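Undergrad: For reference, the chains in residue letters:
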Amino acid sequence: MNLELIPLLIIALLMLSVGGAEVETAEFIMEGDHEMTDHRGALIVGDATVTVPVDADIPGPVFVIGGELTVEGSVTGDVTQLSGVLVVEDDAAIDGELLYVAGTERLAEGALIADRTTVDVTPAEPDPVAAYAPIVLTALLLALVGAVLTRRRPTLLENVATATREHAVVSLTVGGLLFVTFLSVFVFMAFTLVLIPVSILGLLVGLLTIAYGVIAWGYLVGQRLNLSEGGVATAIGVVLVVVLLQVVGRIPIVGDLLVVGVLLSGLGAVVLTFYGLRQFEPVRLPE
Amino acid sequence: MKLFELVRERQWTPVTGYLIYIAALTAGYYYNLTFVQLGLIDLGTRNVGMAPGDVSVVMGALALFTLVVAVVSGIVMDRRGWSTDLIVKFRLLFVVIAVQLALTIVAPSVSTSEQFVGWVVVTSLTLGLGIPVTFSFMIDFIPVRDRGYVAAIVAGLSFFVAALYPVEWRIEEFSAVMAIAMVPAVLVLGVLSVKRFAIVDALARQHEQFGVGRFCRPEAVRTTSVTFWGLVVLMFGVFFIDSLGFLRIIETPIYIYTSWQSPELDTRLFIAVMHVVGALAAGVLYTNFDRKWLFLWVFGLFAFTHLQYVFHLRFGPDSTPPLLLPMFYVLAVSFYTTLNFALWPDLSTPETVGTHTALGVGIAGWLATFASTALALYSEGVGLSLLAHLRYVNALALLFAVSLPVLLYVHRASVLARGDPAS
Numbered sequence: 483m484n485l486e487l488i489p490l491l492i493i494a495l496l497m498l499s500v501g502g503a504e505v506e507t508a509e510f511i512m513e514g515d516h517e518m519t520d521h522r523g524a525l526i527v528g529d530a531t532v533t534v535p536v537d538a539d540i541p542g543p544v545f546v547i548g549g550e551l552t553v554e555g556s557v558t559g560d561v562t563q564l565s566g567v568l569v570v571e572d573d574a575a576i577d578g579e580l581l582y583v584a585g586t587e588r589l590a591e592g593a594l595i596a597d598r599t600t601v602d603v604t605p606a607e608p609d610p611v612a613a614y615a616p617i618v619l620t621a622l623l624l625a626l627v628g629a630v631l632t633r634r635r636p637t638l639l640e641n642v643a644t645a646t647r648e649h650a651v652v653s654l655t656v657g658g659l660l661f662v663t664f665l666s667v668f669v670f671m672a673f674t675l676v677l678i679p680v681s682i683l684g685l686l687v688g689l690l691t692i693a694y695g696v697i698a699w700g701y702l703v704g705q706r707l708n709l710s711e712g713g714v715a716t717a718i719g720v721v722l723v724v725v726l727l728q729v730v731g732r733i734p735i736v737g738d739l740l741v742v743g744v745l746l747s748g749l750g751a752v753v754l755t756f757y758g759l760r761q762f763e764p765v766r767l768p769e
Numbered sequence: 005m006k007l008f009e010l011v012r013e014r015q016w017t018p019v020t021g022y023l024i025y026i027a028a029l030t031a032g033y034y035y036n037l038t039f040v041q042l043g044l045i046d047l048g049t050r051n052v053g054m055a056p057g058d059v060s061v062v063m064g065a066l067a068l069f070t071l072v073v074a075v076v077s078g079i080v081m082d083r084r085g086w087s088t089d090l091i092v093k094f095r096l097l098f099v100v101i102a103v104q105l106a107l108t109i110v111a112p113s114v115s116t117s118e119q120f121v122g123w124v125v126v127t128s129l130t131l132g133l134g135i136p137v138t139f140s141f142m143i144d145f146i147p148v149r150d151r152g153y154v155a156a157i158v159a160g161l162s163f164f165v166a167a168l169y170p171v172e173w174r175i176e177e178f179s180a181v182m183a184i185a186m187v188p189a190v191l192v193l194g195v196l197s198v199k200r201f202a203i204v205d206a207l208a209r210q211h212e213q214f215g216v217g218r219f220c221r222p223e224a225v226r227t228t229s230v231t232f233w234g235l236v237v238l239m240f241g242v243f244f245i246d247s248l249g250f251l252r253i254i255e256t257p258i259y260i261y262t263s264w265q266s267p268e269l270d271t272r273l274f275i276a277v278m279h280v281v282g283a284l285a286a287g288v289l290y291t292n293f294d295r296k297w298l299f300l301w302v303f304g305l306f307a308f309t310h311l312q313y314v315f316h317l318r319f320g321p322d323s324t325p326p327l328l329l330p331m332f333y334v335l336a337v338s339f340y341t342t343l344n345f346a347l348w349p350d351l352s353t354p355e356t357v358g359t360h361t362a363l364g365v366g367i368a369g370w371l372a373t374f375a376s377t378a379l380a381l382y383s384e385g386v387g388l389s390l391l392a393h394l395r396y397v398n399a400l401a402l403l404f405a406v407s408l409p410v411l412l413y414v415h416r417a418s419v420l421a422r423g424d425p426a427s
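Protein chains in written order, with this note's numbering: chain H, 483 to 769; chain S, 5 to 427.
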């Protein structure tokens, strides 16, 4: 599952809930090619290709959060596009409101759309400053937190960094298992609607924990710089790690695997050391 | 890993021990996974034409008989000192595999209920004897430090191959594959049984160094102890939950043809790889953490997996199930299988390994698997819907997932109440 879908899925479920639709009947299509001729309840299109064929008539609401939805027949309810591709062919119809937020939209001239609304969220023009600003800000923020932690509570980072360095396999294993399991649990929780706040909170805690792991990696790199001021060393180390992750992440497959490995081993080390509150010591086994 | 040190130091005799263990246990477990667990159902229902209910009764009998033979064999092995005699174990394994080869070849020809029952009885004898013999090889070949990783390799490899081949779960397919694979094993074991080799003599002495399990230091775990039987109950629960759910899932086309028996190689490869990933993760956890964490993960994973299946059945039974469902199933199965290979030898000394592995694998593995298989076939026979069936399985998984931390907490509290905070 594409990880970028998760926040969009939660937004779709929230909108679904606010709109009064029954989430129990909602169907989330995550992958594959599908032809929808008959359907009840809400439909959420994820990383899949979904076609509503000519003469088919499905109810709404429909949410496009990824993949591609092609309407050749008709949708009797609302369609909301948060991402992905929406194609409405000639003579195809959307009887409800088409709410466009983001993504690629291809509407044929002969398409029959009852009501169309566009929400302008971001300027379409590619702007390098805007593109890199979040990364720079994140790096600076993490560097600042790393510097403060190094000065005030160096043991915390020392414990996490030691676990990352000396127990890399264990950290990676625990980080990977936690990531896969809890990510699924939080997405699963979002489907219950009642637990959406818990789901969002869980995802936030997860992100912060991963960020903590990045700071610990920065601490490790900073130590290698041999600077007299520990806080500054950590801050520089964090910036270097973030830059390195960005650069390496551009290499297909191998780069992605490396980035995931670094982030997950950081996550695992943070959890293993109880956020740095104690050293991680594996059980002692006889020879 | 100790293995890397041995390779660096060019100590090829113990390295050979690793290879023998991995080859023997991987082949044995693959045989169990495919031929016995899946082939037997196909043989009974399709070839012989028995009703699922009747097959379930025969399988229940197979489980009980296998358990009895395993326990008797294990006790005899310990009392006569065979558990620490590698040559005797090779000879016993030779007999087991030679008979199993014959059983494997004749299996597709079994066509009547009487033949089927007779075939099952002889199979039980070989399986029962094979359990303490093969599982006790751990004390001869694998140092304590590496047991988690080696168990992971065995579990991962056997599941990896089973997930990819054979595609058709039919007795004829299983029989052909297994017979070809077993012939060289019979030949090698035949030679090792009659001729003495220096390397085998050296391997036979290794139990003096590796024999005492991880949980038997400084004090050996007694067969009658609460620790041992508590773990038997926990492992019984794990195996029971797995089989009870899995047997009904594989009967459901929308689940089985989008996962384990998918026509897409990518899907089956994904499942095979996830088995290896899960097993290796379990190996790392087993080696670095206390065993209770592994049990918590296993029960938690099973509970979550069945919850997902129940959720899918309730809200999207017609839609293609996401691969996430079998993925979590596979992770849980690889976790506990790894645990099963390493746990019983680690709860044993050379003097108790036959009995402990027989009781552990026999009760927790065989009895639980076949009892739940019989129950799954029965539930199918009485027309219990998949949703209702999985709801029971899920309830059981949740019960274990919640009970384990509660029991651990109560145990800790009782220790503190006795005024022994250090323990």
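Simulated from the structure, these hints should not be mistaken for laboratory data. Note that the coordinates shown come from a computational prediction; the quantities given were computed from them, not determined experimentally. No residue lacks a Cβ here, since even glycine has one placed at the ideal position from N, Cα and C. It is possible that some hints are incorrect.
[What the hints assert, rightly or not] A short list of chain H residues far from chain S (calculated; beta carbon distances all over 10 Å):
(1) G514
(2) T531
(3) R588
(4) R732
[Claimed, not checked] Partial list, derived from the structure: chain H residues whose beta carbon lies under 10 Å from chain S:
(5) F510
(6) P535
(7) S565
(8) V567
(9) V569
(10) V611
(11) L654
(12) V656
(13) L659
(14) S666
(15) F670
(16) V725
(17) V729
(18) L759
(19) F762
Undergrad: Take the hints in turn and mark each one as holding or not.
TA: Structure-based check of all given hints:
1. G514: At about 6 Å from chain S, H:G514 fails to clear the 10 Å cut-off, so the statement is violated.
2. T531: holds, 13 Å
3. R588: Holds, because the least Cβ-Cβ distance between H:R588 and chain S comes to about 26 Å, which exceeds 10 Å.
4. R732: Non-interface label stands for H:R732: nearest chain S Cβ at 25 Å, farther than 10 Å.
5. F510: holds, 8 Å
6. P535: violated, 17 Å
7. S565: violated, 19 Å
8. V567: The hint is violated - H:V567 has no Cβ within 10 Å of chain S, the shortest such distance being about 20 Å.
9. V569: Violated, because the Cβ-Cβ distance from H:V569 to chain S comes to roughly 21 Å (cut-off 10 Å).
10. V611: At 38 Å from the nearest chain S Cβ, H:V611 fails the 10 Å test, so the hint is violated.
11. L654: Given a least distance of 9 Å, the restraint on H:L654 holds.
12. V656: holds, 8 Å
13. L659: With a closest approach of 6 Å, the H:L659 hint holds.
14. S666: H:S666 check passes; min Cβ-Cβ to chain S is 6 Å, inside 10 Å.
15. F670: Where the cut-off is 10 Å and the nearest Cβ of chain S is about 7 Å from H:F670, the hint holds.
16. V725: It is violated, given that the least Cβ distance between H:V725 and chain S is near 30 Å, above 10 Å.
17. V729: violated, 27 Å
18. L759: violated, 18 Å
19. F762: Because about 9 Å separates H:F762 from the closest Cβ in chain S, which is inside the 10 Å limit, the hint holds.
This entry does not satisfy hints 1, 6, 7, 8, 9, 10, 16, 17 and 18, going by the numbered hints stated previously.
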